[in-house]
Each structure stands twice: as structure tokens, then as C-alpha cells.
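Residue strings, one per chain:
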Amino acid sequence: MKIRYYLILLIFALTFCLQNSVIAQNISGKVLDMNGKPVFGAIVSSQHNQFIKVETDEQGKFEILVPIGEKMDITTPDKAKRTVVAKQYNEVKIDRLYSLIEEGNTLSHSKFETTAATSTIYSEDIMKSSAINAQNALYGRGLGLTALQNDGMEYDNNTDFNIRGLGSLQGNNPMVLVDGYERPLSSLVKEEIETITVLKDAASLAMYGLRGSNGVILVTTKQGIIGKTQIEFSYDHAFIKPLHKPQFADAYTYAKSVNEALLNDGITTPRYNANQLAAFQSGKFPDYYPNVNWMDQVLKDNASSNVYNISIRGGSNKVRYFTVMNLTGNDGLMKPTNIVPAYSSQFKYSRLNIRTNLDIQFTPTTNMKVKLLGSLTESNRPGNVISPIMTAMYNTPAAAFPIKTSTGEWGGSDTWTVNPVAMIAAQGYGKSDSRTLFADWTINQDLSIITKGLSAQASIAFDNYADYWESMSQTYRYSKNSSQFNTAGDSLVNPASTIVGSNSNPVYSSSLGNQWQHFNAFAKIDYTRTWSDVSLNSGLMFFHDQYVGNGQFTTTNRQRINGYAHVGLFEKYFLDVSLTGNGTNKLQPGHNIGIFPAVSSAWVLSKEDFLKNVKAIDLLKLRVSYGVVGNDYTSSADLYKQTYGSGSTYYFTDNYTSVTGMTELGLATSGLTYEKSQKTNIGLDGRFWDALDLTAEAYYEKRTDILVSTTGALSGVMGATPSMSNDGIVENKGIEIGLNFNQTIGDFKYNVGGQFTYARSTVINENEGFVQYDYLKQTGKPVNQIIGYEAIGFFKDQADISASPAQLLSTVVPGDIKFKDQNNDGKINELDKVALGYNNICPEIYFSANLNLEYKGLGIDANFQGVGNYSAVLNTASMFWPLQNNTNISTYYYDNRWTPNNPNALFPRLTTLQNNNNFNTNSVWVKDRSYIKLRTCEIYYKFPEKLLAKTFISKAKIYVRGMNLFSIDNLKIVDPESYGIAYPMTASFNMGVNVGF
Amino acid sequence: MKTKILFLSCLTLMFFSCSDFLSYDETSSYTEDQVFSVYSRSTQMANNIYAYMRSDFGSVGNAMRAAGCDEAEYVWSSSSVQNFNNGSWSQINTVDDVWASNYKGIRAANLFLEKGVGQTFDDNKYQSSYDKAMLKYNNLQYEVRFLRAYFYFELLKRYGGVPLVTKVLTEDEANTVTRDTYDNVSQFIVNECDTAAKYLPKFYDVSYDLETGRATRMVALALKARVLLYGASKLHNNPVVTQKWVDAARAAKALIDSASVYKINTFVSYDKIPNNIALPELIYARREANSGTFESLNYPIGFVGGNSGTCPTQNLVDAYEVKKTGNVLDGTAFDWSNPALTANPYANRDPRLALTVVLNNTTWADNQVVQTWEGGISGLPKSGATKTGYYLKKYVDKTISFQPSGTTATRHVWVVFRYAEVLLNYAEAMNEAFSSPTYKDATFTLSAVEAINLVRKRSGVSLIAIPTTINTADFRTKVRNERMVELAFEDHRFWDIRRWMIGPQTVAIKRTKILKDPTTGVFTYSTYTTTDRIWDDKMYYYPIPLAEIYKNRNLTQNPGWE
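Each protein sequence line maps, in turn, to chains A and B.
Once you know that position 956 of the first sequence is 956 in my numbering, the rest is easy, because the numbers rise by one and skip nothing.
Once you know that position 369 of the second sequence is 369 in my numbering, the rest is easy, because the numbers rise by one and skip nothing.
Chain A with its partners taken away, still in its complex shape (with noise of 0.2 Å):
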């Protein structure tokens, strides 16, 4: 047993400890973290002599001089640390519930000691996704975080975040910052995230200042480790099949369902006639006649992705290191990307992401960080983005035209003029390059020579990102072909065909996509001391921010200064109070520097003397929080000046000169200020049996100066673009709550738990005008509140159309959709909606449940994610609002139309025309859209180490693993998350191996 004392120290504490008589012996113990594993270089101190203190062991084992019955604490590297009383052999597991928690700006607590509402994701949870963009893992993991996925091209930047639901009539998108800083989190792999903090109430945000209200998420990546270097590879792939094809009708169904329509519009003459509708069931005349499913032709049912992973992680006292190098790589699902052998226009994507992470210590009290990350990615498409192909995909009937013609032409007619085979296969491709770096660098003082528990710490930071465009881009011609039949109705007379357009040669262009850059200065001094009972950490810091982007308006500079304490007072009772100014250069000089208090205060009840001696309770914690948080968004620039500009354009003289105008711009909003977020947050934390974690927090927050239009207060008589003006109002409370449940029992591991959330807004004021009755208002309603008229079934017969209120939005027939009539004055029309459903934006309710099992290595991990209190306004052309425009029809549609003998329809009945009484916002298109999914569900097998132990590898898992496996929804046939004209969202099937040396 190796036994590192710090001599000085221990001659310090032996002179110190026989001062004062007391029989010091010499106790021993080992140190474990949250998986049992040993920590190395954990620093065990008495508390009663400071110079008392001794570091672990690779086997985490020390001995230590306390006396029996003191208090004694242990820090492990990582900065976790708890407090244990000294017995003979201590073995003191040091798990997550005594682990730091990152509250923003550089300030970290312990669960004991915050009085913030947060939650944390690791990396472990993270981990458990095969997601290629860190965004994607993050459904259902984060207590008080919505995530959604808005489509399925998963490496854009496509997940939408609320915390605590809708707080603001606009932006409400929280902000991301990575180590410390607003970077997009879709620039990081999952490999290089330690810890993703969701920061939710005053407490923290307060800090934040103007950017606080809508919640911060606070990535921070791995940093290096004390101990023997660590050599992980990793390798995941991914068999991607698209969900929820939709199936469009085929020709023959398509040409009778066209005919129904024009019958129903009153048009006698079918648009295909007997011989034309059998040509299209017989398949005989395809050049004439054809019969595609574009869907099919379109996607392929199969994609892939890989990923490549190598980490090294470790280092001693004075250099700690961890660095990843990460290659990714996902091909999309086109299928016509070949016929034009020179080029794929596939979907492609891949990454390469390399960050090192160095943490000097070049002095005993001198600590530098440098954290960088270079990310290079590259991404091929087709000539068109995704979505004119996959409109043209929806839209184009299967009755349309052929692929191609017999003569090889592409297909095309007047109505349908584009080809979603030929966007793919024949007009070019574009690629996309970007580059990205994130570069940051801090110096950390101890000044404890100027007086003990100072220290100062300065740090910048430099991001900077470009991508830029090449393309490729052609044209293709087309044949349309036309005939007619003879009378027999055997054979064609008359077939025409007519090229139109050109093949024209390639036309190369390069350009700049966007590009930004980043600069952020930090500063702090920074107070921490802890007395007998009194514990204390506060200063001042100031923070320094521009951001740079690409063309007008878009360098936003901010500055901020912070004050604050956390006081602590026999470990029991915790009080925070912070001050912030933040200044921006986005609001009126002279008024664009808010000031933002907060207060916030903790109750350890856990450590009151009724309680301190209940085994079973390991914490139990109550939390209260106000403070104002503000938010400078503004709809655009100089809001507040009124300015002339750029006016319409006039012709003058014969030579017809053009002259451009000038002319005032909107009014100017007078007082324009930053929206205010007063929240309030009561939480409750504890640990149970040293296995079950609950928190559950309820809180209130008002948002005032919400920047709202004055359109509906403004008569347009004044003749001016009304201006904006700072009073939208908008309630928001909600609870949270989060159970985990966590033990081993011998060789079996199990972890269950839950998490639910609920949040709901109300509109005070948004400046709506008049409006005649109130439930027509959106005002009193939840935020973007869906409103729409109410269908009470469909219109029998002329007869009942005569008996019912006139419908005033069109001219209704039998099988188009009866309102009800709210106001009862015998008529149909605008002032007939109501709320119908929830909002489409945010879901009020979003949960999530977890589950792992483990028995000897072999372990099965779940993932379930849903929402609730969530609807859908399913108007996606061709899928639910078929035919008009020329647009397509879905069989779901066709089997669930109205038809006289199909009274009791899903749908109204077909027609060709834009019908404003069936196809608005109203009931039968508005629906629930609540879900379960299974976000993640894996079968792993972690090899023993016994078996490793002969080998060169310390560590290796093997899984199998599914994505989205399956959703249970009541929309079921498009996916409640993306259910618009989109590229598909998908599932996977994963393989992947995790080996560490």
C-alpha cells in the first residue's frame, strides 16, 4: 500500500494536533464514484485542522490522522465532494447527488448547497442516443427541457428547445451556450459533451441579464483527468429506413377521384373518359397513360450512417488532457442519384471534428485552460434543395406523366411542369463546405497572498465559422405527350409529343453560404471562504460579448457586470442574491442597459436535527427563487428611430428612367425597452434511501414589455406602418417533476425513472384590438392558441344545407363541412371560431421514462419520450387537402372521403376548386397530437473485466440499438413531430462497439 502524505502538511497537523491534546490515530478508507470504481487523487482533508490532508490512491485507498467522530472532507478531481464523519474504514461513495452542478457563469454548486432550479444530462444519458447531432439526444432527458424534432434530415439544425414551455409571444428559444459561451450545439458531437446543465430559474438566469428569459442550456465539455491515460475507440453504424411514407393514390384511382370531383363541383364532363380511365388500370399506353409512384421512386428505403470515434483522456498534477477526434458520415435516402453518371446528387453528409481540451497547472496557484475545437463538415444534395423535390414528390399524381418516355425524355406536362425524378437525377448538385472553430482560453489566479480565498480568473474566447456553396446546376427537357382514343377505345389517334426546354450544359458557381464570428472576453474576482458556519462565494465579474454576422444588422454587441453572493450558514440555510447590468446595442442608447436582481434561498431540512438522524432520508431540501430576467429582442433595428429610407421605384421621361423613391418607415416605437421575465420558483430536492432522487419544482413567471405590434390599435387612416411597442403580456406556471430510482443488488444493476412536465401560458395583452366576443380572442388564451371553426359533420343534402345557418365562407353542396354557429345569428362566418385544441408550437405536456437493466455486463437500456396537450393542423397539400391546385390525392384521403353512402367520412368530399369552407382551420383538420415514442432502446454487453484483464483492452461494450422504434400517436399515419411536406423522419438500427485501452 503506496500512502502519499504531504510531510510538511502532516508535521504541521501533528504539531497542531498535539497542541491540542487530542489522541490523533490514524484512520483509513477508499474512494469510490457513482459506478464503484476507485477515485484517484481525491484530496481527504479534516475539517478541523486545513492542514490535515491527504490524496488517494489508484486503488482510491488513504490514511489519514482524524480523530473518530470528526468531520473529514473528501474532493475527488472532478470537484465533487462530500463530508463524512470519520469512523476506523471509511468507504465513501462519491456519487452524483455530491457532484458540482454548473449554475451559469462560471459559478458551480453542490446539490446540497444550490438554491438554483437546474437539470443535468450526462454524458452517459447522451450517450445512450446514436443520434449524429448532439441536439438529437436530448429528447425526454432534461427535466423542464422540451425537445422536439422538427424533421428528419437529422444533421441540419432541426430540434426545436423550449424550457418551461411558451413564456414570450415570440423567440422563445432558449440560449445554448458551450463552456460558457453561445455556440451552436450542433457544431459538438456527443463524444465531446461531460455535462448539458438546463438552467431554469431566476437563480441562474438572473445572471444572464437580457438573455436569460427564455433559459439557458449549458454544455460543457470533457476536460482531462488525473490517472493513466484513457483510450477509447468507438464505432457505431446505422441502418436508416424512412417512417411514415405516406401513399398516394394510384393513377386509375387518382383519374376517377378527379372525376368525383368535378361532379361534385358541378362540372358534368369527367376530365377522363372510359377509355382513358381504363388505359390508366391497364397500363397499356404508359407514354400516354402512366402509372408512377413517385414515392417510391423518390426514396429508397434504405440509408446509413457511421460513426467514428477516438478519445484520450488523462494527465497528471500539473497537465491534464482530453482530446477526441471524431469522423461522421450519413448518406440519405434519394434514390434516383445515379443516372446521371458523372455526379450524386445523394444526401451526404459527413464530419470531422477534432477538439483538444488542456487544463496547466504552471504554478501552484496558476491554472490555464485552453479548449479548442476545429469542425469541418461536407454535405452534397441534389441542384434543388429538399423542398421544392419534396413538394413536387406530394403534388405530382401518379397519373402525371411517365419517368421517362420510350424515347428516354423525361415526363412533364402543362400542369405538372416539374419531375421529382429529373430534380434529382438531372439538375446538377450542390455541396456545401463549412468550417468551423471554437477557441477559448482561460487564466485562473489564486490571490490568496492578498488575502486568503481571492482569486481572479480572465479569459476570451474566439469562434468563428464559415460555409460556403458549390454547385453545379443544369436543366433538363421534357416530352409532354398527348392522344386521344378512337371511338373503338383500343388504340391511340393523334399521339403528339412535344419537347419542351433544354438539356443545357452544366453551369458552375461557387458562393458564400453564411459565415460568423464570435469574440467574448470574461473577467471575475472572485470571494470564497468558509468559516465555521458560515460559508461564503461572491464577486464581481464582467463579461464581454460581439458577435459578427454575415451583412446588415447583424453584429450584436453586449456587455454585462455581475454581482453576487451565496452565503451558506451551518450547511442548513442557503441564500443567493445577485445583481446584474447588461447593456446591448440593440436598443435606444441612453435606455439599453437593464439591471436584473434575483434572490434565492435554500433549506437543508435534511440536515435539521429532527431529521438528520432519519436513515432513509439522504437530502431533503426546499428552494425558493425570484428575480427579473429580460430578453433584447427586437423585430428589427432602430426600432426606436424614425427614419426615411428606400421608397417604390417610378418611371419618368420617355427613356422611361427609373427613379428610386424615399419614404418614411415605420413609425418609431416611442420607449422601446427589453421584454421582463419576473420568475418565481419553489423546488424540492431529495435523495431516499441513498437510490431514489426526486425533484419536483412548481413556478410562476410574468413576462411584461413583450414587443407586440400597435396594427390592432392603429387606424389606417394614419397612413404610416404602425409601430411596434413593448405591451405584450403573458402569464406562464407550470410544475415539473423527476423521479429516479437507482441500486444494485449483487451483480444486478437497475435504474427507472420518470420525468414529467406541465406548463401553461396566458395571453394578457397583445394589443389584439377589438374583437367582438371573447372566445374569439386570443387574449385570455395560451400563446399561439389554435383557432378555428367547429365542424359538427358534414352536410347530409340540399335540404339539410337549407335547414342549417348559411355558410357564408363559400358556396357549401352536399359533403362539405358544417360549423357550428357560436354566436347563434344564423350565419357561418368569421366571427364563428373558436379555440380548437392546444398550440402547434410547443406541447404543454412533455414526459419521458427511462429504464436499465443489468445483470453481469448484459444490460437493456429504454428510452420513452412523449408529449401531451399538443395539436396538429393537418393541411399538408395532396396528403389532406387533395386535388386542388392540381395537387395529388393520398389513399388515406380517397378511403375516407365523403361520398352519399359515406356520410359518417373523416374528410369532406372531393372537389378540384380552393374551397375556403372546408379547407381553413377547423376542426376536422385540427388534432391531437399527443405522443409516445421510444426514443432509444439498446441490448449491450460490457465484456468483464476479469476476461480483459489478460488483454490490452481495459474495457469493451458491444450493442444493438434502436432509434424511434415506434410511436404511439393518434395521427398515425404521418409522424406527430413532422407531419408537413418533408424529408421523411426515420428510425434506425444501430450496431456499434466501444473498446477503451
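Any given hint could be a false lead.
To be verified - Capping the alpha-carbon separation at 27 Å, the derived lysine-lysine pairs in DSSO-like fashion look like this: (1) A:K256 with B:K382; (2) A:K404 with B:K382; (3) B:K513 with A:K641; (4) B:K538 with A:K827; (5) A:K256 with B:K516; (6) A:K256 with B:K513; (7) A:K284 with B:K382; (8) A:K957 with A:K93; (9) B:K167 with A:K641; (10) B:K382 with A:K641.
To be verified - According to the in silico footprint, chain A covers these stretches of chain B (three or more CB under 8 Å from chain A): (11) 23-37; (12) 74-81; (13) 163-170; (14) 379-385.
What the hints assert, rightly or not - The following residues of chain A were derived to be distant from chain B, with all beta-carbon distances above 10 Å: (15) I231; (16) F285; (17) Q484; (18) Q517; (19) I593; (20) G746; (21) G788; (22) P900.
Derived by calculation from the structure, the hints in this document are not laboratory data.
Cβ atoms here follow ideal geometry from the backbone N, Cα and C, with glycine treated the same way.
Given chain A, work out where chain B should sit, using these hints.
Chain B only, in chain A's frame:
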């Protein structure tokens, strides 16, 4: 401790020394002073007001306003223009809502008249061009006053009397103004036109740097003539005050008398009217940017880039007269019960028909034959095919191409006032004022019949003159028909229906069914009428948008729309 103090002072210094940092701003716009104190910008403020004048290249949901009356029908049911016809038009569901946009023009005019007038730009005084520049500048105020009057006319013909605002309002004032009477607003327009006509130049010659396209004296007079004509019409002249008709006739006569001075009395071929700033009879036009949008909206379906759009009705087509034989046009109306005529209904018609309407089996853009027959490339039952049997030709530039090899764009010019209208205004007013189509005296040296015949005789049209034996009622019918034909698709019919109060007679829409015999290729034409359009007398005026009434409780709604 010293270090600490030093450090804190540094922090404080950083915060305050960086006040420039926090007021950083990337504005490229100007303040009021920077605008009106500089000649070029102040002029630009006035120039910009011209852009508030509107054309009707599909201004109502991509349809021409003509599709809101019996002149045309818009193919697509989704267009908001259908709300004029299907009964869903309401104070909530407004159509052609120009309430706020005209007040924008009025505010811009008031702002210039308050801030721009009287500027002397002393900094420029010693430039050699100063006097000329100031001549042009001092003229701007009269152009602006004409424009403001024009915007009031746009409001007046829709809403009747509207709040008469002649200064830049504050928000409180805007929310409390009240409506003036129709007559007051009408009188204001007349007075402003008189003033403007007094100062505006006849022509923008070299002393104005040849800046044609600006308001001239005759534009002001033309607006005055039209406003007075509208004011004398049945909708606004009840009980009838004959003097109003006399005033309207006099105002038109003022233009006719000086027509030769203004060089507007030369008629050229009818197809030269659209999109032509060099048109001799042109008094004023709204000049538009180069574009192919109108063509994309109106080329027949089946043409490359064509989406069909505003389709002329059979009602309009029937209004074109027929010639009997030879080259003499006899001026009879088309008769669908006459098989000789219906066998070939477009032959021997008023030449303006073929120049206004795209007819079946004629060659049109891209040298493509228009097939509007049933089963033809541009005929029913194809989606988007015309439901009347016709497509629009007037204003549609057939040289525009949408071939993938490159789409083209051309200059579009919207006629606001032209001489033929003035003559027709005069003819109508004279007939009503003196209850005689042939009345003449020392002041009114031209009779109604003579005036209308000047139009009917126009180059390339040469219709038979209307005889002097015609009675007042028959002449009224003739002049109304002449307006429908001559001024088709120039945004007159929609308003004429209102001022004549003939709404109920315009809801039956006639259509043509064209069948082609597949073997002989012979066409047969028959008409049928649909009567699903809805008319209500409240529609003589537009409803004021309900939202406006709620924002300003002093505004009153038009009758029937409450």
C-alpha cells in the same frame, strides 16, 4: 488590496469607456432633417408618391377587378376576387381593401406638403443649375396635390365620403377622425384639381428635363371631369340635380377644347393603347416595371407558363357590334338566335373584339393556336381552362416567353386617363344634362352624338356613326355600350355599374360552349347563362373594414354592411 482596487477600477473603466460599443449601429436610413434639407432626397420623397398610384394588372387576388363584374370571370376559385360575386364579401372578409394603402399615399403627400414645400436648399444656390432645379422642385407640390386628390378619388369611388385628412396626423388624431360627406370630398378633389391645373405645366419639356410621366395640367382636368361625372351619376345624384351633369360636361369640355393644344386628339390603332407611353391620346398612365407576371397570370393554360386568369365573358363579347356585308359596319348587336351569325360568331365584328379578347382557334403567343373548345389544350374540362370560352388579350403582351430557355419581361403601362374616355364622359354628361343627344350651344359646341362618334370613328375601328335621330334613352344605352367596349379592361365597367346602379342586371354571366367535330373539324358555338353571382344593393359601396371601425369608433359603416 491595491491590486484588487486596480482591478475593479479597470472593470469599471471598461464598461464606461465602451459606451460607443453599446451604441454601435448599422443603420443606413435617414432622419427627417437629413431628408428634407437635401434637394435630391426631398425630391425623392415626392417622386415616391407616384408609386402609390395603382394599376390593375391583377390587383385583386391576381385577378383584374373586371372579374368582379360582368366584364370577366377569373378562372381560379381561390382568388379573393370571387368574393365580390359569391356573397362572402363582408366588412370582415374584405376584398380589394385599399383603405390603408391610399391613406399611406395621402400621408406621404401631406408630409411633403408640410415639410418639403418652401425648402430653398441654400447650399445649392451657387450651382448653375439652381434655378432650373428649383423650378422643378416648386412644381412638385402641385404634382403631389394632384396625386393626393387622386388617392381621395380612389377612396371616394369605393367607400363614399371618407375622412378628409390634409395634414400629417398623430396617432390619437388618426384614431378619432370622422367621415366627410361624399360631396365634400368630391368638392375637395375638384378644388385641388383646379389649383393643380393652374400651376402644372402642359408638357414636361426641356425646362423640366423632359421628365414626362409626371402630372400635367390635363391630368388634373381629366380627374376633375371624371369626379364630376361620378358625382352627377345616379348613385350620388339623388334627387337629381341637373346642374351636376352640366358641370361634368363643362369639365370634360375644357379638355376637349384644348385637345389640340395638348396634342391628345389623335387616335391610333386600338391595339396600340396598352403598354404604350407614346400613345397620342394618353393623358396619364401608371408606369410599371418590366415584368411578365401579368402574362403568366393570363396566358391560357396549355401555353408554356400560362395559368389562365381573367377571362372575358360572353356578356362583354356580345357588346361588340356586327357588320353586315362589305366594309361598312352597320352597328347592330349580335343576335344568338340568328344561325347565320352563330355559325361564325367572331367574323365581321367590331375590330376591337379581336384586339381585346383571345378567340377560339386563333393564333396567339408563341404562334400557338388557342384551343378553347371542349377537349382542346386550353379548353374544358381541363383544370384551369376558361369557363367562358375566352381569354384576355388586352394588356397581355404576347411577346413574353416562358420557355425554359429564358423568360422575358416587358414594360407594362396602365392607362389611367385617355382622350376617348373624356369624349365618352362628355357624351354621357351632355345627354343627361340636356336630355338630348344632339344639344349644342355656344359653350357646349359639341353634341353628345358628335362626341361619341369621334370615338367610334377612331383609326381602324370606323364604326358607323350614331345617327342624330337617336333619342335620349337609346343614346344612354349606346353610350353605356360604347364605354363597355372602348374602355374594356381599363377598370371602368366595375365602377360604371355602381354609379349607374345597374348591379342586378349584371349578375347573369353568359358563357360559350364550343364543340369541335373530331372528323370535320367544324366548330359549333352555343351559349348558356349562369346566375350564381350574388348582388346586393349594399355593394354599390365597399364596406369599411370592420377592424378600422373598431380602432376608430367615430367612423360609421356604409349602409347594409353594419
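Straight-line alpha-carbon gap K256 (chain A) to K382 (chain B), limit 27 Å: With a Cα-Cα distance of about 15 Å, the restraint between K256 (chain A) and K382 (chain B) holds, given a limit of 27 Å.
Agreement of K256 (chain A) and K513 (chain B) with the hint, judged by alpha carbon distance not exceeding 27 Å: Roughly 24 Å separates the two Cα atoms, so the pair holds.
Outcome, coverage of the region 74-81 of chain B by chain A - at least 3 residues whose beta-carbon is closer than 8 Å to one in that chain: Coverage by chain A holds here, the residue count being 3 at a Cβ distance below 8 Å.
Straight-line alpha-carbon gap K538 (chain B) to K827 (chain A), limit 27 Å: 18 Å, holds
Coverage claim, chain A over the region 379-385 of chain B, checked by counting residues with Cβ within 8 Å (three needed): Held - the region 379-385 of chain B has 5 residues with a Cβ nearer than 8 Å to chain A, which meets the minimum of three.
27 Å limit on alpha-carbon distance, applied to hinted pair K284 (chain A) and K382 (chain B): 23 Å, holds
K957 (chain A) paired with K93 (chain A) [C-alpha distance capped at 27 Å]: At roughly 24 Å apart (the allowed maximum being 27 Å), K93 (chain A) and K957 (chain A) satisfy the hint.
Within 8 Å of chain A's CB atoms, at least three CB atoms from the region 163-170 of chain B: coverage verdict: holds (count 3)
Q484 (chain A) and chain B, when compared Cβ to Cβ, separated by more than 10 Å: Its Cβ does come within 10 Å of chain B, the nearest being 8 Å, so this is violated.
Pairwise hint evaluation, K516 (chain B) against K256 (chain A), where the allowed Cα distance is 27 Å at most: 25 Å, holds
Straight-line alpha-carbon gap K167 (chain B) to K641 (chain A), limit 27 Å: Distance of about 21 Å is within 27 Å: holds.
Claimed clearance of chain B by Q517 (chain A), with the beta carbon kept past 10 Å: The claim holds: Q517 (chain A) sits with its nearest Cβ about 15 Å from chain B, beyond 10 Å.
This entry does not satisfy hints 3, 10, 17 and 19, going by the numbered hints stated previously.
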